[in-house]
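J.: Taken in order, these protein sequences are the chains called A and B. When we follow the numbering used here, the leftmost residue of the first sequence carries the number 285, and every step to the right adds one. When we follow the numbering used here, the leftmost residue of the second sequence carries the number 44, and every step to the right adds one.
In short, the hints are calculated from the structure, not lab data. Just so you know, not all the hints are guaranteed correct.
One side of the interface only, derived from the structure: several residues of chain B facing chain A at Cβ under 7 angstroms [to be verified]:
#, residue
1, G191
2, A195
3, E198
4, L203
5, V214
6, T215
7, P217
Calculated from the model, a selection of chain A residues having no Cβ within reach of chain B, i.e. all distances over 10 angstroms [to be verified]:
#, residue
8, Q366
9, S446
10, F581
11, Q619
The following residues of chain B were derived to be distant from chain A, with all beta-carbon distances above 12 angstroms [unchecked claim]:
#, residue
12, G73
13, K77
14, P112
15, G120
16, R125
17, S165
18, L166
19, M192
20, A205
21, L216
22, A218
23, K263
Fair warning: this is a prediction, and the values are worked out from it, not measured in the lab. Cβ atoms here follow ideal geometry from the backbone N, Cα and C, with glycine treated the same way.
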Amino acid sequence: MARLQLTGITKRYGEFKAADDVSLDIADGEFLVLLGPSGCGKTTTLRIVAGFIEPTSGSVRLGDRDITGLPPWKRNTGLVFQSYALFPHMTVAENIAFGLEMRKMPKAEMTPKITEALRLVRLDHLSDRLPRQLSGGQQQRVALARALVFRPDVLLLDEPLSNLDAKLRQDVRVEIRELQRKLGLTTVMVTHDQEEALTMADRLVVMSEGRVRQIGSQQDLYERPSEKFVADFVGRSTFIDGRMDGPGRFVSAGGLVVACEGSGAGDASLALRPERLALMSAAAPAMDNSFPGAVEFISYLGSQVDLHVRLSPKERVIVQIQNRPEQPLPVIGEQVHIGWSKSTGRVFQS
Amino acid sequence: MSLAYILLPMFFVIWLAFFAQEIPSFPPGGYSLKWFRAVPGNDRFVNGFLLSLQVAVVSTSIGLAIGVPAAVCLVRGRFAGREAVNNLLLLPLIVPGIVLGIALYVFHVETEIVTGWPILGSLGGLVAGHVLIAIPWTVRLITASLVGMDRAVEEAAQSLGADRLTTFRRVTLPAILPGIVAAALFGFIASFGNLEMSLFLVGPGRTTLPIAILQYLEWKIDPTIAAVSVLQILFIGGAMLLTDRFVKIGRVV
Chain A
285 MARLQLTGIT
295 KRYGEFKAAD
305 DVSLDIADGE
315 FLVLLGPSGC
325 GKTTTLRIVA
335 GFIEPTSGSV
345 RLGDRDITGL
355 PPWKRNTGLV
365 FQSYALFPHM
375 TVAENIAFGL
385 EMRKMPKAEM
395 TPKITEALRL
405 VRLDHLSDRL
415 PRQLSGGQQQ
425 RVALARALVF
435 RPDVLLLDEP
445 LSNLDAKLRQ
455 DVRVEIRELQ
465 RKLGLTTVMV
475 THDQEEALTM
485 ADRLVVMSEG
495 RVRQIGSQQD
505 LYERPSEKFV
515 ADFVGRSTFI
525 DGRMDGPGRF
535 VSAGGLVVAC
545 EGSGAGDASL
555 ALRPERLALM
565 SAAAPAMDNS
575 FPGAVEFISY
585 LGSQVDLHVR
595 LSPKERVIVQ
605 IQNRPEQPLP
615 VIGEQVHIGW
625 SKSTGRVFQS
Chain B
44 MSLAYILLPM
54 FFVIWLAFFA
64 QEIPSFPPGG
74 YSLKWFRAVP
84 GNDRFVNGFL
94 LSLQVAVVST
104 SIGLAIGVPA
114 AVCLVRGRFA
124 GREAVNNLLL
134 LPLIVPGIVL
144 GIALYVFHVE
154 TEIVTGWPIL
164 GSLGGLVAGH
174 VLIAIPWTVR
184 LITASLVGMD
194 RAVEEAAQSL
204 GADRLTTFRR
214 VTLPAILPGI
224 VAAALFGFIA
234 SFGNLEMSLF
244 LVGPGRTTLP
254 IAILQYLEWK
264 IDPTIAAVSV
274 LQILFIGGAM
284 LLTDRFVKIG
294 RVV
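Next comes chain A alone, as it looks inside the complex:
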């Protein structure tokens, strides 16, 4: 395992930049997740590390080697594909042996390694099967074992869970994460699924339009999003458009005067997390912000309930409340009060 460093990676296709000045420093044994919508450059970045795409500029260092110009077969990276990409004409054991064979390992040394890899992914009983005789989850584990058996310097996961059904995906997340910790694998995973990203990562990188938007822990991204895109993409936010009207004072397009943190002036958006808003039956003058509103839509999600509350002709916010038996749910059309502290809303100047 080794440290992986990307410095100023840019990939151009004509005028279009698939990756735009991406710099990442992944520590030995760290699990880094690249998160973003499709077309954000996360897969391009991963494929640059794997060696399938040559960057227009920038460098990739793995351990103490500069691998920028190396072909994929000289990089010693373990790659797990979204489609698993198992060799259909080889058995499970032969699939796993492939990487060792390419490293010219004698047969006698290979056998115990293959057995160990199979045991690691709990498939020791299926070593003679062909990939098509396995379930999706089993194929996924073979792909993982195949990428790990030759001790790669870095493990690269390209949306490895997106072809599994929802239930299995939850288990596999935990499984991969525990395996990664146990073996101390430097890992880069690409996903568009934020829940998956939040569960598995040590550190996350949010990307869009080829650029890194924010790097940080789960808390960093959720509590302190650096820009509107991140606030929108990680977790949920309701945005209210308006402008900053002096320090700590935001005026919405619909005329609401909101107390907030932050200074500056000019057009801005206020982001509110639905679960940080309080539902009250009466106005609360003691709160930083308290507005009356009418419930327009209710979505009942079981453990929690989303209320869509109109605060002004131009503003509607989502309020998430816990579904407790002692608290009667409002009905559509009911007048309620919504309150939040000034530290809740985050202002993004546009």
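Assemble the complex: chain A is given as a structure, and chain B must be docked to it using the hints.
T.: For chain B alone, kept in the frame of chain A given last:
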């Protein structure tokens, strides 16, 4: 209905082959195997068969040697005029065989005049012509199986340490093998049964089986022809069954 339509001529040919009388007429005046016995004794048919077999095997092999790399380039490569090359390689399938034959004949004559090499009516000239028939089949079928292949499988091999050549040998080739076998089979059949083009390319004393049949028909109509046809059907059918045992061609074509 369409099955009956396809099988009807074959049924009559097979039936005819067992008629006892020399002039094919209905109802048959008895049945006999003598026409089949006559075939091995007929040098024209035996030599025709051997030549057709030889030409088909050689031209199919050359067709594959050209077709496999061509298909790989067409599918994997990114170059200007890819579509044009692709269509060009299918051209022999579109040009009528007789036109192709005339064109090659004229070409051979001209080349022979200019260079002095004995091309006209030579075995080499005949094989070269047949390679032309085999290429569209090999390129088409191998292209199809390459397109149907998951590109990530090749990338997986490379990330595991296999260079391009090893990847092709260990991963790509096994994956497109059914396509290659199908291509070989169809190229072989197209070459083996070709009449129109071969008519212009054979030389004195060198006759392919279809031409031998045609020449025989010019003088005689007896069930020998039917018997030869039956043997030919059995031969090609056998080849298909044999390959099907190893590779499920139905999945490719």
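J.: None of the hints should be skipped; say for each whether it holds.
T.: Structure-based check of each hint:
The restraint placing G191/B at the interface with chain A is violated, with a minimum CB-CB distance near 12 angstroms, outside the 7 angstroms limit. With its C-beta approaching chain A no nearer than about 4 angstroms, A195/B sits inside the 7 angstroms limit, and its interface hint holds. Interface hint at E198/B: satisfied, since its Cβ lies 6 angstroms from the closest Cβ of chain A, which is below the 7 angstroms cut-off. Interface hint status for L203/B: upheld, as the beta-carbon distance to the closest one in chain A is roughly 4 angstroms, under 7 angstroms.
Given hint, V214/B at the interface with chain A, holds; its Cβ is 6 angstroms from that chain's nearest Cβ, closer than 7 angstroms. Because the beta carbon of T215/B sits about 11 angstroms from the nearest beta carbon in chain A, more than 7 angstroms, this interface hint is broken. With a cut of 7 angstroms, the hint placing P217/B at the interface with chain A holds, because the nearest CB-to-CB distance is about 5 angstroms. Chain B draws Q366/A into its interface by the beta-carbon criterion, the shortest separation being 8 angstroms against a cut-off of 10 angstroms.
A cut-off of 10 angstroms between C-beta atoms confirms that S446/A is not in contact with chain B; the least separation is 13 angstroms. The Cβ of F581/A lies farther than 10 angstroms from every Cβ of chain B, with a closest approach of about 43 angstroms, so its non-interface assignment holds. For Q619/A, the shortest C-beta to C-beta distance to chain B comes to about 56 angstroms, beyond the 10 angstroms cut-off, and the non-interface label holds. With 12 angstroms as the threshold on Cβ separation, the claim that G73/B sits away from chain A holds: the shortest Cβ distance comes to roughly 54 angstroms.
Its beta-carbon lying about 50 angstroms from the closest one in chain A, K77/B satisfies the requirement of being farther than 12 angstroms from that chain. No Cβ of chain A comes within 12 angstroms of the Cβ of P112/B; the nearest lies about 21 angstroms off, and the non-interface call holds. For G120/B, the requirement that its beta carbon stay farther than 12 angstroms from each beta carbon of chain A is met, with the minimum near 16 angstroms. Every beta carbon of chain A lies more than 12 angstroms from that of R125/B, the smallest distance being close to 18 angstroms; the non-interface claim holds.
With a cut of 12 angstroms on Cβ distances, S165/B stays outside the contact zone with chain A, its closest approach being about 42 angstroms. Against the 12 angstroms criterion, L166/B stays outside the reach of chain A, whose nearest CB is about 38 angstroms from its own CB. The beta carbon of M192/B is not kept farther than 12 angstroms from every beta carbon of chain A, the shortest such distance being approximately 9 angstroms. With 12 angstroms as the threshold on Cβ separation, the claim that A205/B sits away from chain A is violated: the shortest Cβ distance comes to roughly 5 angstroms.
Non-interface call for L216/B relative to chain A: violated, since the shortest CB-CB distance, roughly 10 angstroms, does not exceed 12 angstroms. The beta carbon of A218/B sits about 7 angstroms from the closest Cβ of chain A, which is not more than 12 angstroms, so the claim that it is off the interface is violated. For K263/B, the requirement that its beta carbon stay farther than 12 angstroms from each beta carbon of chain A is met, with the minimum near 52 angstroms.
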